[in-house]
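Quick note on UniProt numbering: the sequence shown kicks off at 1 and runs consecutively.
Simulated from the structure, these hints should not be mistaken for laboratory data.
Using N, Cα and C, we set each Cβ at its ideal position, and we do this for glycine too.
Incorrect hints may appear among the rest.
[Said to hold, decoys possible] Restraint ranges, calculated between C-beta atoms of paired labels, are given here:
#1 E66 x E27: 31 to 41 Å
#2 G218 x R101: 18 to 28 Å
#3 Q220 x S67: 32 to 42 Å
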Amino acid sequence: MSESRNALVTGGTRGLGLTVARRLAAEGWHTTVIGLDEGRLEKVQAMAEAECLELRAIRADVTSEESVRELFAGLTATRPLHLCVNNAGGNLSRLLVKKRRGRQSDELVTHPLEEWERTVRLCLTGVFLVGREAAAAMIRHEVPGAIVNVSSGLAVGAYGQSAYTAAKAGVEALTRTWSYELGQYGIRVSAVAPGVMDGEALREKTSSFPRHARYMEGLQRFVPLGRWGMEEEIADAVCFAAESPYLTGSVIRIDGGGPPGWVP
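All chains should be built: construct the whole structure from the sequences, respecting the hints.
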């Protein structure tokens, strides 16, 4: 790997994003991760220095057009960008409509618009904003780069996941659309769709909510390989998508064979 290769990983201060960033940096990429939590950014920077990795952590908000433009103005002013990994996102479980049974009458609770908009803005609009600026930078510097979007095995639909599944389905549509548009510039666009990952986020939630832990334990029985994926395994797929010279427009599903969607 040439030392001049530069990569950007959004949502790179924890979980899959950090695992991907560390892998890229260890393989010689000059890697930049972005996030919002100052404490996590400082920890990542300290880790990179301790491990002598070519990795830097800076603050940027993928949901803000101004913040994304400022990020790329500084990131690509003097050097090209070869790889953009759109990983930032966040899940939200909310039923479209739920009947809450009370003593007097049944009350209907509906999915709040604000939660829908927040989830879609983070998981889909953020991918659009970062992907747009990454593509423009690659074209400007005449770099045959790659954009790898992180989708989800739930993009096909899942119980209680209206906003998240719609956003991830949109990410996959953007992936195919951009591959058609950007191929003429030598830019490859692909996506990786993980199933459930046995990582920090899952462990935090299952340890805090015993009911959720029991639900996830039961759900695991429907995975043919009988276990959740490891973040390192998903990072393998991201790095493959980044390096493969003839891969574009594809969604790599890496979920142990299922399940196809979460059910109650």
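Structure-based check of each hint:
1. E66 x E27: 31 to 41 Å: At 32 Å between Cβs, range holds.
2. G218 x R101: 18 to 28 Å: holds, 24 Å
3. Q220 x S67: 32 to 42 Å: The hinted range 32 to 42 Å holds for Q220 and S67, with Cβ atoms some 38 Å apart.
Violated hints for the displayed structure: none, as all numbered hints are satisfied.
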